[in-house]
Each structure stands twice: as C-alpha cells, then as structure tokens.
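Peer 1: So the sequence lines, in the order shown, correspond to chains A and B. Each residue of the first sequence is one higher than the one before, starting from 1 at the first, in my numbering. Each residue of the second sequence is one higher than the one before, starting from 1 at the first, in my numbering.
Don't read these hints as lab results, they were simulated from the structure. Built from N, CA and C at the ideal position, the CB exists for glycine as well. Do not rely on the hints blindly, as some may be mistaken.
Claimed, not checked - Just some of the chain A residues that point at chain B, by a computed CB distance under 8 angstroms:
no., residue
1, 142
2, 145
3, 166
4, 236
5, 238
To be verified - Some chain B residues well away from chain A (every beta-carbon gap over 12 angstroms; in silico):
no., residue
6, 11
7, 77
8, 78
9, 155
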Amino acid sequence: MTASHWQGWRWPLLWLGLLLAATFGLPQLEAGFRAIEPGARAVIYSQASFSGLLVKHLLLVAAAACAAVALGVGTAIMVSRPWGRDFLPLASQVASIGQTFPPVAVLALAVPALGFGVLPTLFALVLYGVLPILRNSLAGLHGIAPAVLEAARGMGMSPWQVLWQVELPLASAVIVAGSRTSVTINIATAAIGSTIGASTLGDPIISGLVNGNSAYVVQGALLIGLLALTVDSLFERVQNRLPGPAAVALG
Amino acid sequence: MIELLNVSKSFGPSVAVDDISLTVKAAELCVLVGTSGCGKSTTLRMINRLIAHTAGQIRIDGQAIDQLDPHTLRRRIGYAIQSIGLFPHWTVARNIAVVPRLLGWPAPRIAQRVDELLHLLDLPAAEFAGKYPNQLSGGQAQRVGVARALAGDPEILLMDEPFGALDPITRDSLQNELLRIQAQLRKTIVFVTHDMDEALKLANRIVVMEKGRIVQQDTPQALLARPATAFVENLLGGQERGLKQAGLQRVAALMQPLNAPGLRVVGPALKTADSLRQALSLMLWQRCTSLPVVDEQGVQVGVLHVDSLLRGAPQ
Ligand SMILES: Nc1ncnc2c1ncn2[C@@H]1O[C@H](COP(=O)(O)OP(=O)(O)O)[C@@H](O)[C@H]1O
Ligand SMILES: [Mg+2]
Numbered sequence: 001m002t003a004s005h006w007q008g009w010r011w012p013l014l015w016l017g018l019l020l021a022a023t024f025g026l027p028q029l030e031a032g033f034r035a036i037e038p039g040a041r042a043v044i045y046s047q048a049s050f051s052g053l054l055v056k057h058l059l060l061v062a063a064a065a066c067a068a069v070a071l072g073v074g075t076a077i078m079v080s081r082p083w084g085r086d087f088l089p090l091a092s093q094v095a096s097i098g099q100t101f102p103p104v105a106v107l108a109l110a111v112p113a114l115g116f117g118v119l120p121t122l123f124a125l126v127l128y129g130v131l132p133i134l135r136n137s138l139a140g141l142h143g144i145a146p147a148v149l150e151a152a153r154g155m156g157m158s159p160w161q162v163l164w165q166v167e168l169p170l171a172s173a174v175i176v177a178g179s180r181t182s183v184t185i186n187i188a189t190a191a192i193g194s195t196i197g198a199s200t201l202g203d204p205i206i207s208g209l210v211n212g213n214s215a216y217v218v219q220g221a222l223l224i225g226l227l228a229l230t231v232d233s234l235f236e237r238v239q240n241r242l243p244g245p246a247a248v249a250l251g
Numbered sequence: 001m002i003e004l005l006n007v008s009k010s011f012g013p014s015v016a017v018d019d020i021s022l023t024v025k026a027a028e029l030c031v032l033v034g035t036s037g038c039g040k041s042t043t044l045r046m047i048n049r050l051i052a053h054t055a056g057q058i059r060i061d062g063q064a065i066d067q068l069d070p071h072t073l074r075r076r077i078g079y080a081i082q083s084i085g086l087f088p089h090w091t092v093a094r095n096i097a098v099v100p101r102l103l104g105w106p107a108p109r110i111a112q113r114v115d116e117l118l119h120l121l122d123l124p125a126a127e128f129a130g131k132y133p134n135q136l137s138g139g140q141a142q143r144v145g146v147a148r149a150l151a152g153d154p155e156i157l158l159m160d161e162p163f164g165a166l167d168p169i170t171r172d173s174l175q176n177e178l179l180r181i182q183a184q185l186r187k188t189i190v191f192v193t194h195d196m197d198e199a200l201k202l203a204n205r206i207v208v209m210e211k212g213r214i215v216q217q218d219t220p221q222a223l224l225a226r227p228a229t230a231f232v233e234n235l236l237g238g239q240e241r242g243l244k245q246a247g248l249q250r251v252a253a254l255m256q257p258l259n260a261p262g263l264r265v266v267g268p269a270l271k272t273a274d275s276l277r278q279a280l281s282l283m284l285w286q287r288c289t290s291l292p293v294v295d296e297q298g299v300q301v302g303v304l305h306v307d308s309l310l311r312g313a314p315q
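The shape of chain B in the complex, shown without the other chains (with noise of 0.2 angstroms):
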C-alpha cells in the first residue's frame, strides 16, 4: 500500500505537485491522468525517490520513504519509463537481471528469473535473450522494459507513460498484456498517462490531475457517469463520454442468450468479450439492430438487441 499524505514538491520558486493526498492500495492499478506539465511525473518519482518531496509524507506499507535507504527502495519497486532506457552495451537478458543482481540473487535463480520474465511477456527466450537494445523494435524494447521492472519481483509498479511511444496497435497489445500479467501477479501499480482512453481501459482507480492538485479521483465507471469539473469532463471527450463509458462495457453483460445449443455463425458476429462500443460501431457499419454472439469457436451463444445497448439491461 502507498500512502501519499499532504505531499508538495516545489522546484524553487514554482510548485509542481501541490498538497497532494492519495493512497494506493494493494493490488490496485492506480492511473494517474492529467494534461503535460500537470505533475504526474513528478508524483510518481517521489514514490521511488528519485525526486525528494519538499512536504508532506510518503509511506510504503505505513512506514515513511525518507527512513529508508533510498537504493534498498528503489530495488523493491520497479519502474518503467517512456524512453524505456534499456542499457545498449548489455543483452536484453542482462537488462532484466540488473535489479535481482543489485539484490544478490544467486545466479541460477536470476537466470531461471530471467526466462520466467522473456515468458511472460512474450518474448521466446531463444530468440530474445541474446540480442542487444538496439536489435529490437519499440514495441519489443517497452516488453524488455516491463520485464526488467519486473525482474526483482517488486510489490510496487511505477510506470511513467510507459507505452507512450509505441503505434496505436502495439499500445494496445501491450496495454492487453498488462492487464493479463496484472490479474496474474497483483501488483499494486501507479501508472501515469496523459491519455484518458488508456486511463479508462487500465484502471481500477483514475486520478485525475490539473495544476500540481488532485481534481477528482474515482473508478472509470464513476468518473465518466459524474465528472466533478468541466476539466474533467473535458479530459473524458464531451460528447464521446458515452462511446467511452460504452467502450468500458462487455457485450457478455448486455446479450440475450439462446436457451439451445447454436450453430457455427457465418458472416458479421459479435464475441462475448468486446466492448460495447465495437458492438455499436459494427450495428452502425452493418445498419442493423440486433447481431449474433458468438464464443472463441465462432458458436453462437446469444444475440445483441441495439435496445439492450440503449437501456442498458439485457432485452
């Protein structure tokens, strides 16, 4: 658990975070949202840190940061950056082991550490362990990254933007990838973005930032149903709210299912797991009002009425 009580930090003259409060809980994907600039960065390296809070106290699991040694710290939490920073002169699997050899494992457990990590996240050890930073593509470097953040089997995740580089499509594999190993390992993680629909897919918990302060902070859910500003309803689109708030929901919730075994269904279907914006982008597409779901095998199980989507409730 992360507790941040009444925590400032000024650069000289300028605040850059301002008397913020914010606990994180255990096991929790906490996203942290805001404009550029608006200090989100700066919360976040002051938890491992790399930034000393001017006011206020940090705690990790009730006991204050500043008692610690900040390197014995930084060694239980791992972090992940946009510019990745993967050592060039180093293997990638030499860039995973940094932080279990700064901890003095043993060599066959980092090396067993090493291959669980490259496995996780999808990364055959064969092909990847061996290569150099400069032999990966952006996408696979932000893997190796995550893997090394990981690699000392830390409570705590930072990442600051971490997949803010990446095209759209690797974003949102590896934003995928990251809710898998999150419900596998339960990390309790702060992530930092400055994109909301990256917020509203990843989080349990959005923190909304503007100006060094906390404006809101809530589930998705209830941040898109109740704003609490115009900034904030800003930041989740205006008028698309509603496309996002149904981004956030699953066709499974929604469908009527058949009461008799189904059959194979050819043509325009939905899957049990996407989203009702995809279910609503493809009846818009197709210019129907109803379409068949279907399972991982392409059976049908159930059927999607466009009133079920505008009610909210399964026909």
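Pulled out of the complex, with its shape left as it was, chain A reads as follows (with noise of 0.2 angstroms):
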C-alpha cells in the first residue's frame, strides 16, 4: 500500500477517533460540563449509553439510505429505460420540487399515518433521503455520452449489460454524491425522530432542552456533529476512488 493510500484515510480515521472518544470518554469530563451547568442536579446524560443512542442513530440512519437507495436509484433506471421514459419529466419535478419541503413537515404528516416511534421516523428520513439521490441519479444516467451508448449497443451489449458495464460505473460518482448529500442530512434529520420517541442521538438533546440543561444539549450536538463529519470524510474517501466527471465528458 502506498503513501498516498493512507493519507486518504487520515481523515476519516481522526473522525472515528474523536467519535469513539466522545462516545466514551463524555462521562469523564464531568467537571467540565458542571461549569456549563453549575446549578444541575446531573450534567452528564444517563437516561441511556452514549455509545447505545450511537448504534441506534446509525442503524436508523443506515436503514433509511439503503432504501432511499434503492428507491431513487431504482426509480432513476426505470424512466431512464425506453418503456419508461414517460415517467420521466414526473420524476425529475419530485426530485427538485421535493426538496423544498422541510423535514419536519415530513415527520409531522408521518405521525397520524404511522403513530409514534421508530416507523415514522424511518418514513420521513427515507422520503426526504431518496430525493438527492433521485436528483444525482437522473443527472448521472442522463449525463452519458450518446456516442458511448451507441457504441455500447453496436457492440452486441445487452441492455442489463450495458446497464451494469457502462451507465452505473459512469453514473456512479453523482450518485455516490447524492447519497453523501442524503446520508449528511438525515444524520442530522434523525435527531428530530426523538421528538416522537425514536431514541436516538437527539435524546439528550431533547431532554436538556426540556429541562433546561444546555450540558445536555451540547452532548448530544457533539456527537451528531462527529458522526456526521465521519460519515462524510469516509464518502469523499469513496468518490475520490470512482470515474471523475472529467473521464464521464471526455468519453
């Protein structure tokens, strides 16, 4: 493995690190946060682990982008197909349309369909998640060289083979950075989920703003913010690695 190999990896591993670190160590640093809160019965957390509202954050969250994954990629391809093209101009409106809506618009429109609880909250953060990926995945299939899939045809491609050899690889990096813009977002849209009982990071956050201990509030932001600066340093690890658009438009 070369030097340059590594570097790639300096930042999401410094991330990682502090992540763990605040995930472990918060506790210890009680005489710190009692000078936020000098007047607070308790200035550390406890109704729950740090580290167990971090694996539920995350498994929240990566539920959410698969499925948002597989939705607006899968619903990319199929209008982006000629039997499907129809369907197109309606897709393209949602993807830039949708976003517009605010999260907790969605999550409040979730809460009578679906009650309160973990349901919903993955609801709202699949809806809202899938429309950059949506978005990046139209422009990154519609973005390819006509030529390329021409000559993908001439040559005696299939059309799943041209799908599978020529237009995911070359749409890949947008669609990777849709999902990085989808995954960025809800890490912090999740936390909204604690205000109708899905326990996550947002929970310390919640509670200190309800009782008015701002130590709270600062522990749970500390984390999220961690969390996310490590989940996008570990994606643009990724897209460094995948055809850059110069190599899409030179084609």
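Make one complex out of these two single chains by using the hints.
Peer 2: Here it is in structure tokens:
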C-alpha cells in the first residue's frame, strides 16, 4: 500500500477516533460540563448510554439510506429506460420540488399515519433522503455521452450489460455524491425523531431543551456533529476512487 | 456478403431510406456517399439492427437478419462511428476487449488479441494498453475505435464517417492504415462518408445516395468517367473531376522505365506510388514537362512526361 493510499484515510480515521473518544469519554468530563451548568443536579446525560444511542442512530440512518438508494437509483433507472420514459418529467419534478419541503413537516405528516416511534422517523428519513439520490441518479444517467451508449449497443451488449457495465459505473460518482448529501442531511434529521419517540442521539438534546440543561444539548450535538463528519469523510474517500466527471465528459 | 433487397425505413411519416437494393460482396470495401441527411447512417444501422427496417429484406450470407438474435448479430459485425464512443471508465486494452469478452473468449486469447490489434493499428502496447480514453488524441482514439471494431474478428465491418472529425493529416494517415489493414484482412466493409475524395480513395465500389435513394453505384473510375446525374457530377466536384481522376492513378502506370540501372536523384522527383495528381502538381510547381521517378531508396527507375499524363498512356 502506498503512502497516498493511507493519506486518503487520514480524515475518516481522525473523525472516527474523535467520535469514539467522545462516545466513551464524555462521562469522564463531568467537571467540564459542571462549568456550563453549575446549578443542575446531573450534568452528564445518563438515561441511556451514548454508545447505545450512537448505534441506534446509526442503524436508523443506515436503514433509511439503504431504502433511499434502492428507491432513488431504481426509479432513476426505470424512468431512463425506453419503456419508462413517460415518467421522466414527473420524476425530475418530484426530485427538485420535494427538496423544498422541510423534514419536520414530513415528520408531522408521518405521525398521524404511522403513530409514534421508529417507523414514522424511518419513513420521513427515507422520503427525505431519496430526493437528492433520485436527482443525482437522473443527472448521472442522463449525462452519459450518447456515443458511448450507441457504441455499447453496437458492440452487442444486452440492455442489462449496458446498464451494469456502462451506465451505472459512469453515473456512480454522481450517484455517490447524491447519497453523501442524503446521508449527511439524515444524520442531522434523525435527531428530530427523538421528538416522536425514536431513540437517537437527539435524546440528550431534547431532554436538555425540555429540562433547561444545556450540558445535555452540547453532548448530543457534539456526537451528532462528529458522526456526520466521520461519515462525510468516508464518502469523500469513496468518491475519489470512482471515475471522475472529467473522464465521463470526455468519453 | 450483405444483401439489401428493396429496403425502406420511415420514421413516422418521413421516409429516411426509400426502397434501396444493394449487394456488398465478401472482401469488398463499399462506400456510401451523399450529402448530410440522405440516409447513409440509417442504412448502415439497419444492417446491424440498431434500427429496424420497415420494408424489404436484409440478408447476411444468405440469412435474413430478422431471424437472428440482434445481440449475437452485432457481436459478429464490427462497428466504428465518428464520435468513437470509447468507454471512458475503461483502459484502451479493456475497450478493445469488449466484444471478445461478450463472446466469452478465454482470458489468454483476449489478451493476445488485444496485443495483436494494438500492433496492427500502430499503438505500442507498452505505451497505450493502460491509458484511458481521455489521455488519447483524436487520431489515437479512433485507432482504438477501429481496433475495438475488429476485435471479435468479424467478417463485416460497418464504419460511419469514422475519420470525419479528424484533421486532414491524421485523416489521410488513417485512410492509408485502413487500406493497408483491408489488403491484409480482407473484410467486407461498408463505409459511410460525405467526402467524395475519401470515397474515391478507399472504395472498390461507390454507392451514391440522394434523399434516401441510390442514384448510382459503380467503381471509382467508372463513376468519374460516367456520372449518371447532375447531382453525382456535382458531388464529384464538377471542374475538378480531372484532378480527382488523376488522383486515382499511380505514377508507376504511366512512367517511361529506364533501360539501364539508374542513379540516385537529387532535386525534385516523383515516387512510383505517387498519384498522377501529385505528379501534375509538382510539374506545375517546377514549371517543367518531365520529372524523374525514383524508388523507395531514391534511385531513379524511370521518367514521367507530361504528354503521357495527357494521353493517359506511356510515351
Ligand atoms: N431516430 C430518428 N428519428 C427520426 N428521424 C430520423 C432518425 N434518424 C434519422 N432520421 C432522419 O432520417 C434522415 C436520414 O438520416 P441519416 O441516415 O442519419 O442521414 P446521413 O447519415 O446520411 O446524414 C434524416 O432526415 C434524419 O433526420
Ligand atoms: Mg450520418
């Protein structure tokens, strides 16, 4: 492995290290948090362990991301086939307009339909997370030079082979960029799930806001911030290894 | 052998190809020529079923193409286009290997074939095999495009203005490469161009198309001698026809050979492989009525007189 290979991992490893240190080390910093909230009875959030909340938060975001990728990329593929082309304008419109809808509103609409807890949160995360992925998948598939597709067909590739060997690899960088936006936004949005009974890293924040304990708020926010930075830097690492936009455009 | 029998193609109400019949014999280089929009590409793309014809029949080696699986058919037919369409995420070697992989060749045979083709198209493997398309010049990219079209060792090659986007010097050298490769491999080639000079240079037979129809098909010589319509005559360049015809003949055919072994020539001279057009140009430039003709080593082998040029026979 070369030096530059390790260089690429520098930021993800740094943020991951800080995240783990914070998850397990925050309770040791009681004296520091006492300075923020001298009057409070407890200054370290202790209704649930930070590590447990981190795992739940991560699982929720990951499940939403998987569903959003499947839904977003799948829809983009379907509307870019000859038989699904009629739905292309609709899909593009949904992808661009949907983004202007605030996540809290999605959450508020999900509760009456799905009740409280994990399910409505997951629903809102998927719905909200699918939009950037759909938009980028459409752009990525649309951005492939027509000559490349003509050549692929002319060489005798089947529609599946064109999709798997040519279209998806060439669109992958743009699709991953969309997933990165989606997941990063959802790491923050998932915290709002705590208001409707899903257990996430938003718990300390909500509890802190309700009880007027800003030490709790800082702890939750710190962990969410570090988690977002870790995941974002991992995505950046993946993106750097995919065919760049220069290669795609010049093909 | 490719046969088109009363083939038509309409896109909705508009007729792109109108009842054409054409036979391309094995090992023939047939050039479709005509102005833009006359249906050349459509004709070509019907042969590998990228476009379905709406009437008539197309046969390859006697077999109607609609009886064949389109993917299998296309893997048997090489295809090269003006915009090349190399796969930007694959190396040159992987691009060339596309059809052999689709055909399921074993890896060592594919590797050997890729090397062979890089060599054939004058792209040193050590330098080019690992490059990506965005690292190639236009001429190099089209060489790879041609290599990719030849990779599955197809009997038929379809080429749609493959050299149309190249600068004149690169185009000329790729035309020469194609002639060299064709002399060696003897494929059945259908070549589309809008450039009559290119057609005259490459073709065994020229098929002139106008508004979806074939207006004349003949050898380059016969076409120049007897254009069937004013449109064909116009396409042949009107007053420049004489020069185009001279461009088809070699100096070797009209020169007066020397009887005794010749000497090395210094100063203006013609090569045996030069065209009569080049000979005429050099005579005009040098303001002379005869020029020595030399072989590859620069040793005189004959002499060319302007009278021979005008009479079309050696003196
Ligand atoms: N997919 C298509 N849909 C509709 N019309 C087409 C299509 N492809 C070609 N045409 C029309 O058919 C005619 C012939 O086109 P083409 O074969 O590409 O011409 P050429 O290659 O000789 O320039 C043109 O008028 C063109 O507009
Ligand atoms: Mg064309």
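Peer 1: All the hints need checking, so say for each whether the structure fits it.
Peer 2: Status of each hint after checking the structure:
1. 142: This hint is violated: residue 142 (chain A) lies away from chain B, its Cβ roughly 16 angstroms from the closest one there, beyond 8 angstroms.
2. 145: It holds, given that the least Cβ distance between residue 145 (chain A) and chain B is near 7 angstroms, below 8 angstroms.
3. 166: 6 angstroms, holds
4. 236: At about 20 angstroms, which exceeds the 8 angstroms cut-off, the nearest Cβ of chain B leaves the hint on residue 236 (chain A) violated.
5. 238: Given a least distance of 15 angstroms, the restraint on residue 238 (chain A) is violated.
6. 11: 15 angstroms, holds
7. 77: Not fine: 8 angstroms to the nearest Cβ puts residue 77 (chain B) too close to chain A.
8. 78: 9 angstroms, violated
9. 155: Correct as stated: the minimum Cβ-Cβ distance to chain A is 14 angstroms, above 12 angstroms.
Figure legend: structure checked against the earlier numbered hints; hints not met, in rising order: 1, 4, 5, 7, 8.
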